[in-house]
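Enquirer: Residue numbers (the working numbering), protein chains in the order written: chain A, 1 to 291; chain B, 1 to 821; chain C, 1 to 163.
The hints are simulated quantities; they were obtained by calculation from the structure and are not laboratory data. Misleading hints may appear alongside valid ones.
Which stretches of chain A does chain C cover? Using the computed rule of at least three CB atoms under 8 Å from a CB of chain C, they are [claimed, not checked]:
no., stretch
1, 100–113
2, 157–170
Covered stretches of chain A, going by a simulated chain B footprint (3 or more residues, C-beta under 8 Å) [as the list claims (entries may be wrong)]:
no., stretch
3, 46–56
4, 182–194
Pulled from the structure, derived: some chain A residues nowhere near chain B, Cβ distances all over 10 Å [as the list claims (entries may be wrong)]:
no., residue
5, 2
6, 5
7, 68
8, 145
9, 154
10, 271
11, 275
12, 283
As the structure is a prediction and not an experimental result, all values here were calculated from the model. A virtual CB, placed ideally from N, CA and C, is assigned to each residue, including glycine.
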Amino acid sequence: MKPAPFEYSRATSTVEACELLRRHGDEAKILAGGQSLVPMMAMRLVRPAWLIDINEIPALKFVKIEKDAVRVGACTRQCTVERDQALAARVPLLAQALAWVGHVQTRNRGTIGGSLAHADPCAELPLAAQVLGARMLLRSAKGVRTLEAEKFFAGPMLTSARSDECLEEINWPSWSWRRTGSAFTEISVRHGDFAMVAAAAQIAIDGDGRCVRAAFGLGGAGGTPLAFPKIAARLVGTRLDDAVVNDAAHAAAAETEPGSDLHASAEYRRHLAGVLAGRALREARERARNQ
Amino acid sequence: MHPTTPPPAAAPLLEEEGKTLSAMTSFRYIGTKRRAKEHPRFVSGRGRFVADIALPGMKHVALVASPHAAARIVSIKTETAIAAPGVLYVLTGEEFCANTDSLPIGVDAPGVTRFALARGVVRYAGEWVAAVVADSRALAEDAAERVEVEYEPLPHVIEAEKALAPGAPLVHPSHGSNVLYHRKFVWGPVEEAFANAEHKIAFRAVWGRSATVPIETFGVAAQWDTGTGILDIWASIQMPKFPDQTARALRLPGNAVRVHYDVDVGGSYGVKRGIKHTVLVGYLAKKLGVAVRLIEDRLENLRGGDMQGPDRIFDMQVAFDANGAIRAMKIRAVDDVGAYAGRSPFQLGKPVTAICGPYAIDAIEYEPTSVMTNKTPQEAVRGFGQSPTNFAIERAIDRVARHLGMDSIELRKKNFIRKDQFPYTIPSGSTYDSGDYHAVLDETLAAIDYASLVRARDEARSSGKLAGIGISSCLEPSGGNSAFEVLMNPKNENTTWMDSCLVRVDLSGSVTGVINNSSAGQGHESLVSTVLGEILERDPATIRVVRADSLTALPSNSPVGSRMAIMLGGAAAGAAKQIKETLIAIAAHNFECPPEDLEYRDGSVSLKGAPEKRLVWDQLVEIAHRKFHKLPAGIEPGLQAKFVWEVPTGGGLPTPEGRIQIYPCYAFEAHVVLVEIDPDTGKPAIRKYVCGHDCGVMINPDIVHGMTYGGIAHGIGAALYEKFAYTEDGQLASGTFMDYLIPSAMEVPGLAIVDHCTPSPLTTFGQKGSGEAGYLGAPAAIANAINDALAPLGTSIEALPMSHLAIWKVISGAREKAAPT
Amino acid sequence: MSETLHAVSVEVNGKPRSAQVPARLSLVDWLREDLCLTGTHIGCEHGICGACSVMLDGEPVRSCLMYAVQAHGHRVTTVEGLAKPDGSMSVLQDSFCETHGLQCGYCTPGMLIASQGLLNSNPDPSEEQIRDAIGGNLCRCTGYQQIVEAVRLAAKRTSEKTR
């Protein structure tokens, strides 16, 4: 399974990468970790005329802990983020999601930005980004713009990034409440496989145990990762007892229109959505209570 | 007991100079922990797999495959492809099929031809239509995209039962139907037993299409030497009669083909019968005058490599009494071999050798049907049909137990053939050599601490999970006497299933064993060196084992049917015995005494009672090689021996009722498994797994255990994860490793094996074969465990694989039924 | 029209190697075909089976999912580079031999890379951690049992040596 031939450039800066994108536009693809793109090229499902390799741009590899967010360079390796304890303390959901991403070899090479730009609706990082409202910084020869996750994910394997734009940085908001808990769970056939359905949740409670903020979402249940801000808002002010939480989970599942494939029917996925959303919410709640 | 054609006497290897088998069971090397000889090269990355072999000027092949399940080939345009960079040639079926002969099919079906490239029609999606030869694989793939094939789709049939229905599209119209083989065997008073039995059950069990899918795909390299007129072949091969079939298809004399057996095969477990690939590459190599290599990529392998596996529907009926005694069984098996067949229909015949499992059931009706559909062809898979059959039988046992409200362990023990009943002839004519099924099951239950396993299951249940214990008790027929060939095709009178070994002791006194097949991880070099060392009483570490090629080899039928410990082990032992006898004869001649007065120890021969009168190894070797004047008359100079022998109990022909001795030796395995199912998601997990195993004397325990662990992992895959799934329009939906799901170390739990030894009376050391162990009983045990877990819901699942989706459907279906309206 | 060649310099098993490679040549194909380091194997070419695992800058990666040109300026270690400086087997390699942690040998180089990667960062791994570390390496021969035992044994032997 050898890919169709392509031209290759190794960009040394984001400016250079953007210039190459400007020149080759629709015929070019960014090569980051390659864990999703290279197999597709090997099977000749995609055949870009130009590959722009951004792996050697130091400016794209960083983790910056700030007051209200953690900023991660697009080409930061997943394993780097996985091991970063300071980041895990600020954005625990990101670290939890990473534990489910592929295998050791995948995470040693795969990047945070690469997984987001690939936008597989079953993938873990896009779900975490959707739930947390992560913001994507996109650079082109024309300048930069920021897209919230909601707007960034446009469909299966489709983002709103233009063909001349390169994802440069991802801003992961962190919550300020001390009693914040998060959880990520998924069902896949084998360990490390694509999720049939994934669920992510983050909950903050006050000193009395009342919910002050909640966010949760589902992966694999639609064309993009799904967040449920309206349903989550209904949890605010409650004590998050099981009945309330389970209602929220089922309400979210009822809104989904999942697809069918070899491993899971739409009906099965919708059922899993309800089950996993409930589990993620309950686990996040317990972690918040234990803070 | 039932009459069979008595087989010729087994080769007399049992007794060694008056020692009985029991006296031989204190072995020096056999049965001890020894590192495999093969290890050092593999852990240092110095294996020699076919893709590692670089021949000068070698060209590479990529295939053009049919996108249609059935279609007429209207035209093939190759001009653009030939003009592509680096392309040497584009071969189509028109030329290839006119210049080579069809590959043989085992059953009597002359209208069913098979070639590596399609001619005129394609019969499955993935069938190879053209082969591109280029300077590199990448360039060959580029050019393959430029081959223009025009198809006219034809009606196709994907399901076996639809292919059997009147009016179904015919996969091979010249054959007249889609049925490759059908027969109804009746052994014993079946109808009478069913009429008189107190109870009956009937159910369907389905074995989904999966295979052993090695991590190395099939590959073959060929080179034709005009100067010598020899076609050299290096292949990742595990196949009987491979050089012969290659030569015949290429219309070459047998001695024009030289297969190199010293290629490391990266796993096979039955499937690597790449005869079509080899004829294709051999043809190209000869025609083009360059070395040519085809290494399947994974897409080609899964879809077009013709290495899928049994795909079988069992309709089972059991007649039994209230006390659990099983009177009779009816097994109707419909197996879908896909669009072409080689030996695959025989996978319905091999299970005849153990058709009643380990149970004393006196009447069996067996009705196998081999049917063709427009799917990728099936190939030999580990166990050759025995694992699907064991699955069906063991599901029947559990269902009988459930029907009677009887403990399934008690039911098994009640029906087991007893230790004192061996040798035991089953209704279909095979005689089981030895066994102690009760003991092995008991030891397995003790090893897993059955009582606490039950408690663990019950605790899991009370915590809200679904949990179940599954047991299977099955046979592993071993020895590879493929008498099912004759059983299923009266025109075939092939009753020879020999193997061989050559042993040389050179001038320096070093010992070398020569084996006559390629190996795929079974440790044959370790096997032979251990056996030679045992008989010659020389350290196996000093014994080298090499491989012949097909022109220098003694006859072999390759490692299939769990035969090598018996056949290769026996041949090595036979050859070593001859060497030992020669050494004793040399000493007897030089001491001027009869051989009975002499004692052989560690390679030296001395006079009994006068040990100082001794000739040591080096002296004996020197006489043999250099001192003709000291050599007894009638002894060849040099020191070498060849041993070729027929499989024990082999050589028989079937009776008119189809009774025949097939395999000679019967290993036994008992699996006990605890599974849990998350009732909200259907996700299964194996919590505990113990396998009791009795393959007689183990020549190298680590090697036997290793293959058993691997067999269990294969079985876990077949039971829970692996399926070659097809869409309605005949497309393979699981054509990559993203969808054909092989279990990893996270899906396979810790495994434990409990050993038992009931030696075989038919072999040198009492060894039975054991290459298929674990796989033969694991799917059955896991199916029984999952069903035990589902039982409280009043539901069951009888189709493999039991995927998450399938399990959830059954659970949610049961809950809907139980829900108050 | 021939493909553009790119210059690469890579340290492979401690030795600097340079070449001119087409962009689409995978790292595993370059190692095997051009450098004749055939110990690394190909099982799927789509990033699942792990037979192609090598160390890139000391961490296990799938070499079928990298192009050779991407390895420029980096360090690659293959199974051939796992031996001790004197050429003898590493503790891990020897442990695989001791527990019979291999049969056909095809997945073995990948397994060795993945397990050595684990032991390099976690010298006393639990069984769960071992299985997780090799979870991306498929084996059809061993059922993983004796491989897990090999890694356990290597960890034990290494810790005994350092005590």
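Enquirer: If a hint holds in the structure, say so; if it does not, say that too.
Expert: Quick rundown of the hints versus the structure:
| no. | hint | verdict |
| --- | --- | --- |
| 1 | 100–113 | holds (count 7) |
| 2 | 157–170 | violated (count 0) |
| 3 | 46–56 | violated (count 0) |
| 4 | 182–194 | holds (count 7) |
| 5 | 2 | violated (4 Å) |
| 6 | 5 | violated (7 Å) |
| 7 | 68 | holds (36 Å) |
| 8 | 145 | holds (34 Å) |
| 9 | 154 | holds (23 Å) |
| 10 | 271 | violated (7 Å) |
| 11 | 275 | violated (5 Å) |
| 12 | 283 | holds (14 Å) |
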